[in-house]
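Here the protein sequences line up with chains A and B, keeping their order. So in the numbering used here the end of the first sequence lands on 174, straight run, no missing numbers. So in the numbering used here the end of the second sequence lands on 136, straight run, no missing numbers.
Wrong hints could be hidden among the right ones.
As the list claims (entries may be wrong) - With the Cβ distance kept under 7 Å, some of the chain A side facing chain B (calculated, not the full set):
no., residue
1, Leu-21
2, Ala-25
3, Ala-29
4, Val-37
5, Trp-47
Read the hints as simulated data drawn from the structure, not as lab findings. Heads up, the beta-carbon is just placed ideally off N, CA and C, and yes, glycines get one too.
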Amino acid sequence: MTFVSSTKNTEELTLTFVAEFDAPLDRVWQVWEDPRQLERWWGPPTWPATFVRHDFVVGGQSHYFMTGPDGDKGYGWWEVTVIDAPRRLEFDDGFATPEWERDMALDKTHAVVTFEELDGRTRMTSVSSFVSAEQLEQMAQMGMEEGMTEAIGQIDAILAGSTAGSRA
Amino acid sequence: MYNQMVVHDLTDEEMNLLFHALADATRRDIIARVTQREQSVSALAQQYLISFAAVQKHVAVLEKAALVVKHRKGREQIVHGNPEALRKAARLLEEYEQLWAGRVDRITRILAED
Numbered sequence: 007m008t009f010v011s012s013t014k015n016t017e018e019l020t021l022t023f024v025a026e027f028d029a030p031l032d033r034v035w036q037v038w039e040d041p042r043q044l045e046r047w048w049g050p051p052t053w054p055a056t057f058v059r060h061d062f063v064v065g066g067q068s069h070y071f072m073t074g075p076d077g078d079k080g081y082g083w084w085e086v087t088v089i090d091a092p093r094r095l096e097f098d099d100g101f102a103t104p105e106w107e108r109d110m111a112l113d114k115t116h117a118v119v120t121f122e123e124l125d126g127r128t129r130m131t132s133v134s135s136f137v138s139a140e141q142l143e144q145m146a147q148m149g150m151e152e153g154m155t156e157a158i159g160q161i162d163a164i165l166a167g168s169t170a171g172s173r174a
Numbered sequence: 023m024y025n026q027m028v029v030h031d032l033t034d035e036e037m038n039l040l041f042h043a044l045a046d047a048t049r050r051d052i053i054a055r056v057t058q059r060e061q062s063v064s065a066l067a068q069q070y071l072i073s074f075a076a077v078q079k080h081v082a083v084l085e086k087a088a089l090v091v092k093h094r095k096g097r098e099q100i101v102h103g104n105p106e107a108l109r110k111a112a113r114l115l116e117e118y119e120q121l122w123a124g125r126v127d128r129i130t131r132i133l134a135e136d
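Chain A extracted, bound-state conformation (with noise of 0.2 Å):
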């Protein structure tokens, strides 16, 4: 049984995913390193991932495509900036060319996944962020994560106080 929970934070704009596996670390581990476990997963049934090139190494790239039900490509790259294996993995993921080179135009997201072992089981942990960890760690420094949970708490309060009023 995978045990998940998941929290989103809206004035963040990061998503973090929790899940349990019943296999130990390295295996879990394998199936990031591996690129032919790796494009199993990846990729939604509808869009599935061809990994062409899979560096797991801090700074190291990885090309993949996704192709989607009308034969359309989807191209990203991917660069590793943190490997301490097999407890965390982060990385940038963005959109590419056909030819691979990255578009910048586009954001890129980056994630940080861990993995921790309990009694035999693999726990994951994956953020997402929606802006480079440059910026965050920006706003960070100014200070802003007060203002930012305080703003959570704000936002939800907002949209309930809405979503009560259209209904009246």
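Here the structure of chain A is known, so what remains is to put chain B in place on it, guided by the hints.
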């Protein structure tokens, strides 16, 4: 690289504007205030230590991202919130959530083959 494929109701340009608008504490505070109750730019400006011009700039960024709507009432510019735009940001994260739920299912199946 899922933005284009998974999120159908926002263009990249709209998404950039939305993210940029939400990335500032003062702007989030303005959203909260004007969603509760519409008010003029000058009334808003009195509630912050920054200048009227600075508040006006924040409002312009929010307006561009469709998070607020501005209209004229006599000589005043009245600002009110647009909760639909906020819901778009929430929906975007929901799409990602579903994507990860699917990934975890697929990993579970791969591990079950061992």
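Q: Verify the interface restraint on Trp-47 of chain A: the C-beta must sit less than 7 Å from at least one C-beta of chain B.
A: Holds, about 4 Å.
(Q) Min Cβ distance, Leu-21 of chain A to chain B: is it shorter than 7 Å? (A) holds, 5 Å
Q | Supplied contact hint for Ala-29 of chain A, tested at 7 Å Cβ to chain B | A | At about 5 Å, which falls below the 7 Å cut-off, the nearest Cβ of chain B leaves the hint on Ala-29 of chain A intact, so it holds.
Q.
Can you verify the interface hint for Ala-25 of chain A: is its Cβ closer than 7 Å to any Cβ in chain B?
A. holds, 4 Å
Q.
Take the shortest C-beta to C-beta distance between Val-37 of chain A and chain B; is it under 7 Å?
A. Given a least distance of 5 Å, the restraint on Val-37 of chain A holds.
The structure meets every hint from the earlier list without exception.
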